[in-house]
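J.: Spelled out from the first residue to the last, the chains are:
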Amino acid sequence: MTEYKAQSNIHHDSARLHVTGEAQYVDDLVSTEGTLHLAFGLSKVACGKIISVDLEPVWQSQGVVKVLLCTHLPAANDVSPSPYWEPLLAKDNVEYIGQPIFLVIADTNLNARKAARKAIMEIEEIKPLLTIDDALEANSLFEDPLVYQNGDPESAVDRSPKILSGEIEMGGQEHFYLEGQVAMAIPQENDGMLVYSSTQHPSEVQHKIADSLGVPMNKVRVEVRRMGGGFGGKESQANSVACACAIAANLTGRPCRFRYDRDDDFLITGKRHDCRIAYRVGFDEAGKINGVIIDQFVRCGWSLDLSLPVADRAMLHSDNTYFLPASKITSYRLKTNTQSATAFRGFGGPQGMVGIERILDHIAHELGMDPLDVRRINFYNPPNSGSLQRTHYGMEVEDCIIEEIVDELVSTSDYRNRRQEINEWNDKNPFLKKGIALTPVKFGISFTLTHLNQAGSLVHVYRDGSIHLNHGGTEMGQGLMIKIAQIAANTFGQPIGSVRITPADTDKVPNTSATAASSGTDINGMATKIACTKIIDRLIGFLAERHQSHPDEVRFEQGEFKVQNETYGFKEVINDAYMNRISLSATGFYSTPKLHWDRKIGKGRPFFYFAYGAAVSEVMIDVLTGENKLLRADIIHDVGNSVNPAIDLGQVEGGFVQGYGWLTTEELYWDSKGYLRTHAPSTYKIPACRDRPMDLRVKLWEKGWNREETIFNSKAVGEPPLMLGISVFLALSNAIASITSDYPSLNAPATPERILNTLTRNYQVPFDFKSGRN
Amino acid sequence: MSKINFFINDRQIAAEDPSGTTTLLEWLREKAYLKGTKEGCNEGDCGACTVIIESIEDNRLIHSAVNSCILFLHQLENKSIRTIEGVSGPEGDLHPVQEAMIKFNGNQCGFCTPGIVMSLVSAHTNGTSDLDTILAGNLCRCTGYDSIINAGEESLKKPRPDWIDNIEVPVHEVPQDTGNGTIRNPVCLDEFADWYAVNPKATLIAGGTDVGLWVTKDLKSLPSPCFISDIPELKKVKISGNVMTVGAATNLTKFDDVISKYYPSLSVMINRFGSVQIRNVATVGGNIANGSPIGDLPPALIALKSKLILRRKDTRRKLPLEDFFLDYGVQDRQSGEFVEGVEIPLQHEWFRCYKISKRRDQDISAVCGSFLMELNFQTIDDVRIAFGGLAAIPKRASATEAFLLGKTLNLETIQMAMELLETDFKPISDMRASGAYRMQIAKNLLLKYYFGRQRMSGHQQSISTR
Ligand SMILES: Cc1cc2nc3c(=O)[nH]c(=O)nc-3n(C[C@H](O)[C@H](O)[C@H](O)COP(=O)(O)OP(=O)(O)OC[C@H]3O[C@@H](n4cnc5c(N)ncnc54)[C@H](O)[C@@H]3O)c2cc1C
Ligand code: FES
Ligand code: FES
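Residue numbers (this note's numbering), protein chains in the order written: chain Y, 192 to 965; chain A, 44 to 509.
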């Protein structure tokens, strides 16, 4: 069971539509007569030169209307979210298995898919670079290794009483949004294009479509009502389907719809970056870190995509909650012939954090200490400590409340006693072993590309007092729409029902940033508050004038205006204002303050603030099979002064499960040719219902309060909880450590196979089962 | 072309499908414009497409959740389907499951929600409370499931709403073979046997949980499809003496009902076979006939010394199940012959089977190990060991068995036998597991079986979930 403080636990605005099946996703929109369907023809070769593509059999296939190669495209052949080229359709070379080479336009979805398999392609194969080692050996990098450094790490490490080094590998992760990539485009008069897209980034889809059609952005309108999950996977990866639809609609003059089949979605689209982190750390007998040297090898796949900011964020989270007096973080951005690695909830943060958490765990093992004690001694100083510390990138940590959260969690989870009990239990049980771990989270909030920290909102109040709300954020299940509606309702002092939520629409709010980096509520909420406040100020001005008083003497409280001795209701004033020709529509614009950041040298303040949380996980493993189970998880997470605790709690629970899914069962497997073999839910295993913890206790931190001026002093919640899942991974490692002599050095994902291998690496089964001990 | 007659949300439908390969999901979304049922994977693994088949058993309304994405329209003849659009009351009242899902915030992006609601409604109607099992086939990427479980538990406290209680499942006429020359759905076993003998190229479809994927993923068309899961005689289960004869078209849910009291260990495994939605349609015969090296029932049934009954016209032959599997993709099944059933001896006390996979539920086995040892005092007097996932076919560990026979059962013997497994199997590596892990698991499962028998001083030996 789970507790939360009561604030405004309003349900998701679409809840009723969701449970009745009435909520419409892009593929549910009614097709107009004559709608065409698309499919990509994909490369079966990971790296090669295209010699010839015979499309004749495709043209001959039933229902085919058109088939396009890159040479048939009307304008730009580029779907990249960054300033680097990323072709929609392969040009001369193919760079991964699954890369789209041609586009089929047909009468039905099935006919398009069938036709797409019929091309005869001759591709001259070149040996692909698949792994981190392949790329390192070939020096295949997107940019020179980036280095962030503070202090003199080499000598800090070398002069330390204790030195350790090690390495951890962690796999990537498929988003597995339940609704795959999908879009629909409907041609409009005068070169206009209306596009329904399942994207986190409508403005970018608009931009890419405009370039694809060779028209200015004002000809393209993109609308997003909701996504069936995004998780970062629809930040840049939605571009291809949407551009393909728009191009096809433009060339045929007919509505075009495109959804990837699930297996194609796995093969075509990007995933979380997999990563190897090598470390050398110097510390004292108490476990305090003196210096650390970390190398991050980040596999970015075939295209640059969002890899630079992702890899930057991994570097920026190499400290997590720990003060690193001297450090050197080097990041290698490796180009390989695999799917692009792209945004995924946490955006590099999780990888960086796994690295440092592994280091802390390793230190504790070396010193024979409780890892919690090693963690605590390295925490950043709390805000009231009088001596604030700086991160390795020079940002002063003003808000580090982790110690308080962890203290509370240690006590509510009964961590110390349970650790003791687990040791005793393990002594008595030869077949099954338990493990426990407590890990903290500190996650930086803001886009590290500073210019993205801006948002717009459009608010209308109609004559009857009903409110129309629009803003740049998109809904992917995180409850953004209801939270922003609450902000609008609250600002106007009106019931939530009076606010109408409308789809994100590039015609209403322009030049938006992706709904990403957990920033949705922070920035769109502020913009909305600003818009609402503008209207209220006009109404106040109007009343002041009418009463020949000063605006300062008009008070607006809980939806009522008080001036002199009169009280006016909201609706009344709205109508009066209308009659007096006062504008009842306003835009709001917000840009996050205080940010300055130089990514090349790695210095500045990239984040407005940090979000914190901590989790304790207890697991059990079967030493004969590696099978395992999450027995219990206790979480305290800081969302500041929550706008909607029920919604935030859902983010915490869901993020946690997604996080440990990444580190346990979710394994991406490429064969030696570079073909992703785990390209469907039959082979790629996200947590299922029974994989949730047997006992889950989640709490939003009661004292939560953002010291920065965010909306209601709340904190962003989308990404940070994902990293609470690291506790599960380290609990598994802890269970293994109970019977191995060496440090387990477990890699992720910790599948039963990896667990058993890690066990048997320094351990021979069968153990001495008879005596019941090892 | 004759029509397929069925009911959707109490409304009678007569649909056509000359291709024989239209799935219910495709039809719902593209022909009936019922868009509440979602496509998440189109291969039976995510549950977004879950709908309910209604039936009356022992005067009780039974709701069986199934995946509409791999259910063919032709499998619906005479059936009653309920979709998400038919769950709320006539006045728009929400079903207790829907109410609870809202109350406990069981929805985030909402894309999995219709499927989850359908599964929970089936549990509510049937009065089933093991929600982790009910939902094993419904993936949700957003919530982490806790809120959904809370909702499900709350809903179970509420009675069935009138409109569900009052459902009158139409009393179907005796099912008819509506097929014409190219698409058939026979109801009479003898007629089918005769027909198949002269049409041996026909595609037999029982549950369609394998064949469905040939269509949705391989984009194949099916030559002369013949749907056999509505042949009553092929679904019979008979027990005589110590032998149970299970008709080939018996689905896994039914099979579990009848076998669990004899072999609880098999029942545990069956409950990890696919999901509820899969088990409600997947058949015992299909799991054998498909010849898969990683099917879960064959190793278990081989270890249990089961016999397969093959039939051509009115000629039957019986063979030990292991002899049916000749090589990868090759079975001992003659043209025009089909699997009629399987005979399973019921008297074995020391039978155990284990399924090892990356994820506990709804996953294909990396290794499936089944063991049977009979002792005469401490001497092994009879032994059967069969594995799935270690070879191109489900296969016995012959060398290991031969070694064990006549030996005294103790740890030393078992340790020696473990090494011998290396001569029996050379497992391959793939995305599910490496060959080395498979080998290690095979050995360790033998050890696990041994320790399981020794009742090791009360130590817990396997992880209990919920
Ligand atoms: C999501 C999902 C999960 C799954 N999980 C598992 C699992 O955990 N374990 C497992 O073992 N399998 C699993 N499967 C595979 C499949 O469900 C089983 O093999 C199932 O038992 C097949 O039965 P069916 O009736 O659906 O077969 P069908 O698809 O109808 O037929 C399979 C094959 O057998 C032939 N056939 C069927 N019946 C006969 C007969 N009587 N005589 C001759 N030939 C016949 C068909 O022509 C076809 O070639 C899973 C499948 C899916 C889609
Ligand atoms: S769509 Fe995923 S199970 Fe049917
Ligand atoms: S709510 Fe999004 S997948 Fe379940």
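There's no promise every hint is true.
Stated by the list, open to error - Straight-line alpha carbon distances no greater than 20 Å define the calculated EDC-like cross-link-like pairs of lysine to aspartate or glutamate that follow: (1) K235/Y with D175/A; (2) K820/Y with D173/A; (3) K146/A with D655/Y; (4) K309/Y with D325/Y; (5) K785/Y with E587/Y; (6) K260/A with D298/Y; (7) K74/A with E224/Y; (8) K235/Y with D862/Y; (9) K725/Y with E744/Y; (10) K820/Y with D175/A; (11) K864/Y with E100/A; (12) K890/Y with E557/Y; (13) K350/A with D375/A; (14) K74/A with E213/Y; (15) K894/Y with E589/Y; (16) K350/A with D370/A; (17) K348/A with D253/A; (18) K309/Y with D261/A; (19) K794/Y with E589/Y; (20) K74/A with D219/Y; (21) K725/Y with E615/Y; (22) K201/A with E134/A; (23) K263/A with D60/A; (24) K263/A with E224/Y; (25) K74/A with D298/Y; (26) K281/A with D299/A; (27) K235/Y with D60/A; (28) K410/Y with D382/Y; (29) K200/A with D175/A.
These are calculated hints, taken from the structure and not from any lab test.
J.: Each hint needs a verdict: does it hold in this structure or not?
T.: Now the hints, each set against the structure:
Distance restraint check for K235/Y and D175/A: the Cα-Cα separation of roughly 39 Å exceeds the 20 Å cut-off, and the hinted pair is therefore not satisfied. For the hint pairing K820/Y with D173/A, the CA-to-CA distance comes to about 18 Å; that is within 20 Å, so the pair holds. Restraint check: the Cα-Cα separation between K146/A and D655/Y comes to about 31 Å, which exceeds 20 Å; the hinted pair is violated. For the suggested pair K309/Y and D325/Y, the alpha carbons sit about 32 Å apart, so the restraint of at most 20 Å is broken.
Among the hinted pairs, K785/Y with E587/Y is consistent with the structure: their alpha-carbon atoms are about 12 Å apart, no more than 20 Å. A C-alpha spacing of about 19 Å is found between K260/A and D298/Y, which places the hinted pair at or below 20 Å, so the restraint holds. A distance of roughly 13 Å separates the Cα atoms of K74/A and E224/Y; the hinted pair therefore holds under the 20 Å criterion. With a CA separation close to 13 Å, the supplied pair K235/Y and D862/Y stays within the 20 Å bound.
As the CA atoms of K725/Y and E744/Y are separated by approximately 17 Å, the hinted pair is consistent with the 20 Å bound. The hinted pair formed by K820/Y and D175/A meets the criterion: a straight-line CA distance of about 14 Å does not exceed 20 Å. With a C-alpha separation of about 52 Å, the suggested pairing of K864/Y with E100/A is violated against the 20 Å cut-off. For the hint linking K890/Y to E557/Y, the alpha-carbon distance of about 33 Å lies beyond 20 Å, and the restraint is violated.
A threshold of 20 Å between alpha carbons decides the hint, and for K350/A with D375/A the separation of about 13 Å falls inside it, so the pair holds. A threshold of 20 Å between alpha carbons decides the hint, and for K74/A with E213/Y the separation of about 17 Å falls inside it, so the pair holds. Between K894/Y and E589/Y the alpha-carbon distance is near 16 Å, which keeps this suggested pair within the 20 Å criterion. About 18 Å separates the Cα atoms of K350/A and D370/A, which keeps this hinted pair within 20 Å; it holds.
At roughly 25 Å between alpha-carbon atoms, K348/A and D253/A are farther apart than 20 Å, so this suggested pair is violated. Restraint check for K309/Y and D261/A: the C-alpha separation of about 13 Å stays at or below 20 Å, so the hint holds. Between K794/Y and E589/Y the alpha-carbon distance is near 16 Å, which keeps this suggested pair within the 20 Å criterion. Proximity of K74/A to D219/Y is assessed by CA-CA distance (about 13 Å); at most 20 Å being required, the pair is judged to hold.
Our distance criterion of 20 Å between C-alpha atoms is broken by K725/Y and E615/Y, whose separation comes to about 64 Å. Distance restraint check for K201/A and E134/A: the Cα-Cα separation of roughly 19 Å lies within the 20 Å cut-off, and the hinted pair is therefore satisfied. Taken as a hint, the K263/A and D60/A pair is honoured in the structure, with Cα atoms around 15 Å apart against an allowance of 20 Å. The hinted pair formed by K263/A and E224/Y fails the criterion: a straight-line CA distance of about 27 Å is larger than 20 Å.
Of the pairs offered as hints, the one joining K74/A and D298/Y holds, with about 15 Å between alpha carbons and a cut-off of 20 Å not exceeded. Note on K281/A and D299/A: the hinted pairing holds, with a Cα-Cα distance of about 14 Å set against a maximum of 20 Å. Restraint check for K235/Y and D60/A: the C-alpha separation of about 33 Å exceeds 20 Å, so the hint is violated. Restraint check for K410/Y and D382/Y: the C-alpha separation of about 7 Å stays at or below 20 Å, so the hint holds.
Proposed proximity of K200/A and D175/A is supported: the alpha carbons are some 17 Å apart, at most 20 Å.
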